[in-house]
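Residue numbers (the working numbering), protein chains in the order written: chain P, 14 to 551; chain G, 14 to 551.
Hints were generated in silico from the structure; no laboratory data involved.
Among the hints, a few may not be true.
Each pair may be met inside one copy or between any two copies, as identical chains are not told apart.
Here are the simulated lysine-lysine pairs, DSBU-like style, with alpha carbons at most 30 Å apart [unchecked claim]:
| hint | residue 1 | residue 2 |
| --- | --- | --- |
| 1 | K318 | K340 |
| 2 | K85 | K356 |
| 3 | K530 | K473 |
| 4 | K396 | K233 |
| 5 | K285 | K233 |
| 6 | K473 | K442 |
| 7 | K356 | K319 |
| 8 | K233 | K85 |
| 9 | K340 | K356 |
| 10 | K109 | K530 |
| 11 | K188 | K85 |
| 12 | K176 | K442 |
| 13 | K82 | K396 |
| 14 | K396 | K106 |
| 15 | K445 | K176 |
| 16 | K106 | K168 |
| 17 | K85 | K396 |
| 18 | K82 | K285 |
| 19 | K109 | K543 |
| 20 | K285 | K85 |
| 21 | K82 | K233 |
Number of protein chains: 2
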Amino acid sequence: MRRFVTGQAKNLIDHTRRHHHKTLRLLSLASSDSTLVSSPRLFSSSSLMSGSDSSSSSLPVTLDSLNPKVLKCEYAVRGEIVNIAQRLQEDLKTNKDAYPFNEIIYCNIGNPQSLGQQPITFFREVLALCSHTALLDESATHGLFSSDSIDRAWKILDLIPGKATGAYSHSQGIKGLRDAIAAGIEARDGFPADPNDIFMTDGASPGVHMMMQLLISSEKDGILCPIPQYPLYSASIALHGGSLVPYYLDEASGWGLEISELKKQLEDARSKGITVRALAVINPGNPTGQVLAEENQREIVDFCKKEGLVLLADEVYQENVYVPDKKFHSFKKVARSLGYGEKDICLVSFQSISKGYYGECGKRGGYMEVTGFTSDVREQIYKVASVNLCSNISGQILASLVMSPPKPGDDSYDSYIAEKEGILSSLAKRAKTLEEALNKLEGVTCNRAEGAMYLFPCIKLPQKAIAAAESAKTAPDAFYCKRLLNATGIVVVPGSGFRQVPGTWHFRCTILPQEDKIPAIVNRLTEFHKSFMDEFRN
Amino acid sequence: MRRFVTGQAKNLIDHTRRHHHKTLRLLSLASSDSTLVSSPRLFSSSSLMSGSDSSSSSLPVTLDSLNPKVLKCEYAVRGEIVNIAQRLQEDLKTNKDAYPFNEIIYCNIGNPQSLGQQPITFFREVLALCSHTALLDESATHGLFSSDSIDRAWKILDLIPGKATGAYSHSQGIKGLRDAIAAGIEARDGFPADPNDIFMTDGASPGVHMMMQLLISSEKDGILCPIPQYPLYSASIALHGGSLVPYYLDEASGWGLEISELKKQLEDARSKGITVRALAVINPGNPTGQVLAEENQREIVDFCKKEGLVLLADEVYQENVYVPDKKFHSFKKVARSLGYGEKDICLVSFQSISKGYYGECGKRGGYMEVTGFTSDVREQIYKVASVNLCSNISGQILASLVMSPPKPGDDSYDSYIAEKEGILSSLAKRAKTLEEALNKLEGVTCNRAEGAMYLFPCIKLPQKAIAAAESAKTAPDAFYCKRLLNATGIVVVPGSGFRQVPGTWHFRCTILPQEDKIPAIVNRLTEFHKSFMDEFRN
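Let's have the full structure, built from the sequences with the hints guiding it.
The structure is reproduced here in structure tokens:
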């Protein structure tokens with residue numbers, strides 16, 4: 014255990030040596046075992062107390078004996094900086110005056126409700142009624158719930174065999190809910206969707222894992238991924254032992270996706286003996302926030318068709334578009350409008366209830382729409398889904414609701430639209446304000462967030478800061494982000510966690526803090542950045 | 014697609030050739046594409062209509078190109094027989110008179126609420142209040158909910174940062190809920206439990222996968238598993254590319270677990286160059302239903318300690334014990350009472366909200382308690398948990414509730430106890446009735462279900478039946494189970510799906526149909542068995 018404490022402490026101490034804020038407090042936080050034991054942490058107090066350590070232990074499992082694929086996997090969105098933030102947050106409870114800030118603001122993760130976004134009332138009403146169905150028999154319920162939420166709950170229960178929301182469902186999800194999702198996709202795209210193509214999942218992540226598991230046999234199987242990318246892709250490719258084949262988005266053209274770059278990287282990978290199995294596209298982009306133009310999407314579909322690649326379309330931000338000149342188009346719609354059907358292209362679209370205007374991250378719902386695979390391959394996907402039995406039913410219900418929300422004339426419609434538009438227009442405002450603030454900072458350039466939930470500014474770091482990061486054995490952008498956290502309480506993720514063009518440095522910052530917090534965030538960020546640049550100016 | 018239809022049809026046709034029931038109807042169901050298209054199925058109607066087939070397609074993904082580990086994986090609990098049952102069920106809706114039964118009774122899976130078991134009211138009340146927290150501000154709520162469910166909901170919301178049940182939680186689950194679970198474990202075992210040892214999961218399955226992923230690097234890594242076993246183990250070992258090292262439970266001594274057998278199999282595996290990493294024990298047993306004696310558990314713990322094995326303790330049926338002479342003891346309690354602490358033994362206990370008296374399968378909640386691993390190894394477990402962000406919050410809440418149910422004096426206490434004891438005593442009765450009925454059948458012997466939710470009778474099949482199965486290219490027990498389904502509508506899982514001593518044949522049957530259905534099930538089963546034996550008597 015001491016090894017861990019020492020490692021974590023080193024980072025904090027490295028920082029305090031150079032920084033003037035509250036040095037003593039941080040030193041004591043970092044170096045005192047007793048402080049660490051009394052605060053929440055990842056590790057067991059029993060293991061702390063017994064002093065178990067891989068070097069001294071006779072236990073059978075050591076790092077060396079673990080699956081090397083697990084060791085290789087990285088997931089920066091919940092990495093070291095978040096761990097430091099959690100310890101600071103705990104310490105703030107009892108040591109309010111010890112820090113130059115009074116709260117930790119988590120801009121590291123697309124988790125809207127953790128920052129005060131309220132859930133959509135209609136969705137939660139339906140969920141409550143389906144959770145405790147006895148409510149539906151009580152007359153008092155009519156005073157507490159909208160009439161369409163009561164109707165909807167009855168309709169949903171009628172779709173579930175025996176009205177049993179506590180039963181495992183079909184491995185792909187409850188058929189009637191998949192019908193609703195398919196109808197929602199049809200309404201969105203103007204092309205048919207088949208409920209039997211829907212595999213409901215606990216969020217989008219398990220769907221991505223499932224496809225990686227299916228497609229990757231060894232490191233000779235490659236998946237084309239955007240750089241920068243959401244680290245779920247690099248993590249799941251590492252866990253399944255495949256090769257991430259990078260294609261670089263062009264920051265100068267607003268994170269443009271060039272077919273020539275795809276071709277170049279595909280050929281390069283093939284020349285190394287890698288069989289490229291799939292192309293992953295995140296649209297709207299994460300962490301990059303761009304929304305692809307339809308013409309660009311057509312080229313991508315043609316490229317996949319021509320090169321025999323599965324198109325893995327991460328479309329979880331489909332409701333998050335903030336600029337009037339861009340519009341979301343699903344890849345399935347684009348493929349079908351090009352005339353490509355089931356026999357022409359393998360396409361998987363991932364959707365999640367964690368994003369959009371609803372932001373129901375904690376409910377872990379989502380689906381993948383799987384088209385263009387032969388029946389024997391689909392049978393294998395079904396089998397893998399079956400091993401985990403089914404995704405959670407609350408998530409399944411919510412996934413059906415977001416694809417079939419209240420309609421004009423429904424009791425909830427007006428309040429639903431007000432809640433939805435309130436959230437989306439506020440997100441658009443926040444994105445704009447933060448982007449403008451970032452672009453005012455010395456050495457920082459930031460593309461606009463056309464969609465999704467993030468800004469991904471580029472920071473030109475002074476040579477002295479890069480040198481300081483090197484001596485602290487940390488990536489320069491991680492160095493910047495740790496300093497930002499310790500000075501302001503703002504948590505962002507270093508660009509190195511998403512990969513980036515070598516020699517460039519970025520961070521990902523969500524646009525999710527509530528509007529009334531944005532001015533303070535802009536002030537703190539601006540002040541910190543100025544002082545950081547002053548400190549390390551060449 | 015035609016290949017699939019043909020395959021499925023073959024089984025049905027093989028059957029109808031030998032069987033007198035409704036031959037024409039089954040033939041038409043099996044061979045008519047149009048019937049299949051109009052009924053729910055695994056496969057897309059679009060792929061059906063386009064006639065896509067792996068042999069004719071130019072699509073990039075074929076069975077040959079898939080990860081061979083996926084192809085190797087099997088999961089019989091939702092295998093071929095369940096698919097046939099689903100088609101029969103659909104066909105019954107419009108063709109009631111076509112079959113010698115009027116409903117499908119799913120005894121294939123431990124899914125109590127799908128068979129009419131009602132959820133525990135208190136748990137659902139709390140869940141509804143946490144789903145739609147605005148209810149807590151309404152005075153009418155007090156007329157609809159028990160006062161302790163309202164109190165509990167408030168307490169739970171206070172444990173969640175920002176009361177945000179729609180936010181991702183800590184990757185291990187909400188700290189306050191883990192506190193409640195740890196307290197529940199302490200109360201159960203009389204030994205300390207640390208909330209930082211708890212990793213909350215979407216049911217037990219993802220926890221088992223996570224540990225397999227960690228421990229298995231290649232087919233040279235082995236996991237000792239009971240035979241018969243719950244196929245999650247064989248499936249996850251196959252998916253992660255390891256070797257299942259079997260140890261056989263002794264049917265003659267009530268599915269006894271002999272240390273000599275463990276030793277023999279361990280040595281045998283080692284002699285083949287396999288590094289055995291862990292021992293999986295399912296207690297109470299699935300599919301076997303035995304409850305281990307404490308003395309036996311002590312031997313198992315000592316064996317793991319001595320041989321340097323991780324003990325993977327599947328304890329999801331810990332609340333399901335039906336006989337007065339047996340009691341559940343957690344392996345952690347047994348290890349601690351032997352004086353083994355954190356430094357002595359690596360132990361993972363899996364728990365699920367899908368089982369017990371609550372049977373909340375659809376909520377997908379559970380946890381694993383991870384003890385005895387070094388901090389650097391635990392950091393890797395945490396990282397893998399983080400890649401999927403967190404388990405669903407409703408499942409987390411329920412997992413905390415089942416470990417801290419209402420106490421004497423609480424408003425709900427009496428009704429809670431009545432519901433709980435009603436379910437458990439009824440399950441005990443059903444287990445006994447079914448076991449006695451099975452033991453009366455010619456050539457069938459069945460150990461009692463001391464715990465869990467299953468009976469696993471051994472059937473001595475006549476040689477003629479075995480020959481008939483062979484010519485139908487199916488395992489003899491699968492042949493029996495398909496015949497049972499087609500004659501009675503009862504769905505059970507062939508023993509071959511769980512593995513068994515070669516040359517013996519079994520099936521797994523849940524004890525979950527509601528009490529009023531049991532007499533009819535016994536009658537149908539008895540009648541079928543008699544006619545089957547008469548047909549194939551040597």
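Hint check, failures only: none
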